[in-house]
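Peer 1: Given next are the chains, with one letter for each unit.
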Amino acid sequence: MRDQLRVLKHSAIASWAEFTAFYTWKTWTFTWLSRLLIQVCFYALIGRMIGSVDYLLVGNAVAIMAIDACVVILLAIGERRSGTLSLMVAAPSTHLTIYLGRGLIHLVSGVVASVTAFLVLPPLFGVHLPWPQALLVPVLITAVGLSCYCYGACVASFVLGFPAARWLALNISYLTLMTFCGVNVPTDFWPDWVRRVVSFLPMTHGLTAMRALIANGPASTVVTQVVLELLVGAAWFALAAVGFNRMVRRGRRDGSIEFGA
Amino acid sequence: MRAFLAGVRIQFWLIRRQPDDLLTLCTIPFTAVIMLSVVIHAIRPDLVTNALLAPALIGLWGFSIGLAGEVIESERWVGTLNPSLAAPTEMHSVYFGRIMAVMGLGVIPLGETWLLG
Amino acid sequence: MGVRVIDLTRSFRKGKGWRPKGPEVTALDGLTLEIPDGEVHGLLGPNGAGKTTLCKILSTILLPSSGTAEVLGYDVVADAHEVRRRIGIVFGGEHGLYWKLSARQNLRYWAALYKLTDAEGDHRASELLARLGLTAKADDLVETFSRGMKQRLHLARGLIGDPKLILFDEPTIGMDPVAAHDFRRLIGELREEGRTILITTHDMDEAEEVCDRVTLIDKGRVIATESPRGLAQMSSLHRWVEAETTADVTHLPGVVAVESRAGFVRIKTDGDASARRVIDFLLDNGVRSVRAVPPTLEDVYLDLIGARGMEV
Ligand SMILES: Nc1ncnc2c1ncn2[C@@H]1O[C@H](COP(=O)(O)OP(=O)(O)O)[C@@H](O)[C@H]1O
Ligand SMILES: [Mg+2]
Chain D
1 MRDQLRVLKH SAIASWAEFT AFYTWKTWTF TWLSRLLIQV CFYALIGRMI GSVDYLLVGN
61 AVAIMAIDAC VVILLAIGER RSGTLSLMVA APSTHLTIYL GRGLIHLVSG VVASVTAFLV
121 LPPLFGVHLP WPQALLVPVL ITAVGLSCYC YGACVASFVL GFPAARWLAL NISYLTLMTF
181 CGVNVPTDFW PDWVRRVVSF LPMTHGLTAM RALIANGPAS TVVTQVVLEL LVGAAWFALA
241 AVGFNRMVRR GRRDGSIEFG A
Chain Z
1 MRAFLAGVRI QFWLIRRQPD DLLTLCTIPF TAVIMLSVVI HAIRPDLVTN ALLAPALIGL
61 WGFSIGLAGE VIESERWVGT LNPSLAAPTE MHSVYFGRIM AVMGLGVIPL GETWLLG
Chain G
1 MGVRVIDLTR SFRKGKGWRP KGPEVTALDG LTLEIPDGEV HGLLGPNGAG KTTLCKILST
61 ILLPSSGTAE VLGYDVVADA HEVRRRIGIV FGGEHGLYWK LSARQNLRYW AALYKLTDAE
121 GDHRASELLA RLGLTAKADD LVETFSRGMK QRLHLARGLI GDPKLILFDE PTIGMDPVAA
181 HDFRRLIGEL REEGRTILIT THDMDEAEEV CDRVTLIDKG RVIATESPRG LAQMSSLHRW
241 VEAETTADVT HLPGVVAVES RAGFVRIKTD GDASARRVID FLLDNGVRSV RAVPPTLEDV
301 YLDLIGARGM EV
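Quick mapping for you: the protein sequence lines, in order, are chains D, Z and G. Just so you know, we're using this note's numbering here: the first sequence kicks off at 1 and counts up by one. Just so you know, we're using this note's numbering here: the second sequence kicks off at 1 and counts up by one. Just so you know, we're using this note's numbering here: the third sequence kicks off at 1 and counts up by one.
For the record, the hints were derived by calculation from the structure and aren't laboratory data. Take the hints with a grain of salt, since some may be wrong.
To be verified - Keeping only pairs whose Cα atoms sit at most 27 Å apart, straight-line, the calculated BS3-like set for lysine-lysine is: (1) D:Lys9 / G:Lys21; (2) G:Lys150 / G:Lys137; (3) G:Lys150 / G:Lys115; (4) G:Lys137 / D:Lys9; (5) G:Lys219 / G:Lys14; (6) D:Lys9 / G:Lys268; (7) G:Lys100 / G:Lys137; (8) D:Lys26 / D:Lys9; (9) G:Lys164 / G:Lys150; (10) G:Lys100 / G:Lys21; (11) G:Lys115 / G:Lys164; (12) G:Lys150 / D:Lys9; (13) G:Lys164 / D:Lys26; (14) G:Lys164 / G:Lys21; (15) G:Lys115 / G:Lys100.
To be verified - If you want the footprint, here are the derived chain D segments under chain G, 3+ residues with CB under 8 Å: (16) 15-24; (17) 184-196; (18) 203-217.
Ideal placement from N, C-alpha and C gives every residue a C-beta, glycine not left out.
Work out the full structure: start from the sequences and follow the hints.
Peer 2: Here is the structure:
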């Protein structure tokens, strides 16, 4: 366990170094963060047009985090390009841990973006957040983030074998969450079977918890829904572990793990 | 004109080899479903046309901004921008060709949402 | 035993996709090989002989189709995890590093993956950076490194887990002569530390200089395993005579080939008797210097595998 945590730490440090070689906080703010905030504003404006600005604002402020959390899907190609995939597989550490560590920085980026959206946008749209419950917003966002991250890692484990499909997989993954998980319309808008599927996706329960929190709903609802969200995350984590093992096994069998790039 | 056509051709060729670039086309159905669900849930049938038009416009916009920018960006990435700026043919028309090809593809989303409607 | 490979076979299906449908290629065909602990073993063979395939199987990133392979007593399939803790992998070229990280960050990262604690990892990283002459550039991004420096860092990376067996797959490809010389010295040092080394190469001089024994393979099969000298003896078929002369020897019986350059000739003969005949003839016909030389590893290679293997 200590070993695993150390691997997680060092691969997170490495990804931080790579991330900061790519972004400065200024470029991150003016390109990435602003792009996400504009997206939230766009949906909030639609919300204003149809008279449910708070619903769409809250939903989308949480949803933008899913994009970052799913960026972990793209990292597989990086390992192949730099020729480190074979070395990673041949190292005596769990592949999933290494991989999760390498995407952690994007999860942090997403959580920060989401929290920023909650800080900046509600006053602009005249949405009121109850005090002091609003202090729990970052906690809920982190919970949703973790479970989206596990979901992303699970998709990543499949994309590892099909690196050409990585962008497609990324977009479909987070757009599915944004479309069906109660971001813009309540989940009971959808047919029954969709709703059943959606309750196994991340974000659904987390958003329910968030909306209950903001509407001064019962604490029990908030807690149950957060726990459900984390359970969903854990299930995706388990699937990701299985998926990674399968992909590595498949790579070892068909010889697609190359020395070099 | 020859350079322009060469630009168009090279761009289509690159996109064919890198299906990722066609991504915007796949995101449109999702955006359309989101928009539609919002207006239907709000019981605002008057907005359905808008809900269908918006993703198309977003598609066109995202496609042209994203890709046209990327044409120049990726060219620099591959390291061909500098030599081609110094090349005798007028490279501007090659770029213009490539960017127009991208914009041309950007029109597909319009048809796509129209079909969905 | 450092490495024990018994009747190892691996085949691939050509083609792309989830289920490639092309014809089957046999990369390794019943290969058997033993490398005792502490030996530097060279694997020679033409392109496509199966050298990389063997290295991949030994490094647990590829499964054999049949047969067994053991590394330091552990099976590469059943005990892959034990194997991974004990091996280091170095391949040629500039890959296998994170270019956006510094040299030290790269090494610390891999140290953690090899289960070293932070303190051990720091210490080992500094030690290896010093050993490979990278201390001055330790905190620069790898992307600013020259090719040679990247290769040295890659070597350091391969040594981070203190491996008992090191697999080198064409490590000197693209190295300049100075770097290649340093590399051979390093191999000597690693041997003295008691590590077992398997090195695949195209460079006969290199193999002759650093290897205790070499194995020639072709089409996934072993042709011969011997010390470089022993291999030369084995193909005593050919004896070379080197002489400084202008005399023409091509008409003598037993002369297979003559290469001459600026008054200096290398004469390939078909055996000791013929070589003696050539030397006698030269001594009678005016020669400034003459000597018989055993075939080099390169000659043996050409002899056993043919010229095709020399094309890279
Ligand atoms: N992943 C793979 N898929 C299909 N064929 C392969 C694969 N890897 C190796 N081969 C084939 O196996 C043979 C041996 O390759 P390799 O071990 O790389 O040779 P070497 O390293 O000696 O040049 C070659 O014919 C090669 O085409
Ligand atoms: Mg090879």
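Peer 1: The structure should be examined with respect to each hint, and the outcome stated for every one.
Peer 2: Now for the hints, and whether the structure bears them out:
Using a Cα cut-off of 27 Å, the hinted pair D:Lys9 and G:Lys21 is violated, with the two alpha carbons roughly 42 Å apart. Straight-line distance between C-alpha atoms of G:Lys150 and G:Lys137 comes to about 11 Å, which keeps the hinted pair within the 27 Å bound. For the hint linking G:Lys150 to G:Lys115, the alpha-carbon distance of about 23 Å falls within 27 Å, and the restraint holds. At most 27 Å may separate the alpha-carbon atoms for a hinted pair to count; G:Lys137 and D:Lys9 meet this at roughly 24 Å.
Restraint check for G:Lys219 and G:Lys14: the C-alpha separation of about 16 Å stays at or below 27 Å, so the hint holds. Between the alpha carbons of D:Lys9 and G:Lys268 the distance comes to roughly 63 Å, so the proposed pair goes past 27 Å and is violated. For the given pair, G:Lys100 sits about 14 Å from G:Lys137 by alpha-carbon distance, which is consistent with the 27 Å threshold. Using a Cα cut-off of 27 Å, the hinted pair D:Lys26 and D:Lys9 holds, with the two alpha carbons roughly 25 Å apart.
With a CA separation close to 23 Å, the supplied pair G:Lys164 and G:Lys150 stays within the 27 Å bound. For a cut-off of 27 Å, the pair hint linking G:Lys100 to G:Lys21 is broken: about 39 Å separates their Cα positions. Simply put, G:Lys115 and G:Lys164 have alpha-carbon atoms about 15 Å apart, close enough for the 27 Å limit, and the pair holds. Distance hint between G:Lys150 and D:Lys9 is fulfilled; the C-alpha atoms sit about 25 Å from each other, no more than 27 Å.
Taken as a hint, the G:Lys164 and D:Lys26 pair is broken in the structure, with Cα atoms around 47 Å apart against an allowance of 27 Å. Note on G:Lys164 and G:Lys21: the hinted pairing is violated, with a Cα-Cα distance of about 39 Å set against a maximum of 27 Å. Note on G:Lys115 and G:Lys100: the hinted pairing holds, with a Cα-Cα distance of about 23 Å set against a maximum of 27 Å. Residue count for the region 15-24 of chain D with a Cβ under 8 Å from a Cβ of chain G: 4. That meets the three needed, and the coverage hint holds.
For the region 184-196 of chain D, the proposed coverage by chain G is not satisfied: 0 residues have a C-beta within less than 8 Å of a C-beta in that chain, short of the threshold of three. Residues of the region 203-217 of chain D lying with their CB closer than 8 Å to a CB of chain G number 0, which falls below the three-residue condition for coverage.
Checked against the numbered hints above, the structure breaks hints 1, 6, 10, 13, 14, 17 and 18 and satisfies the rest.
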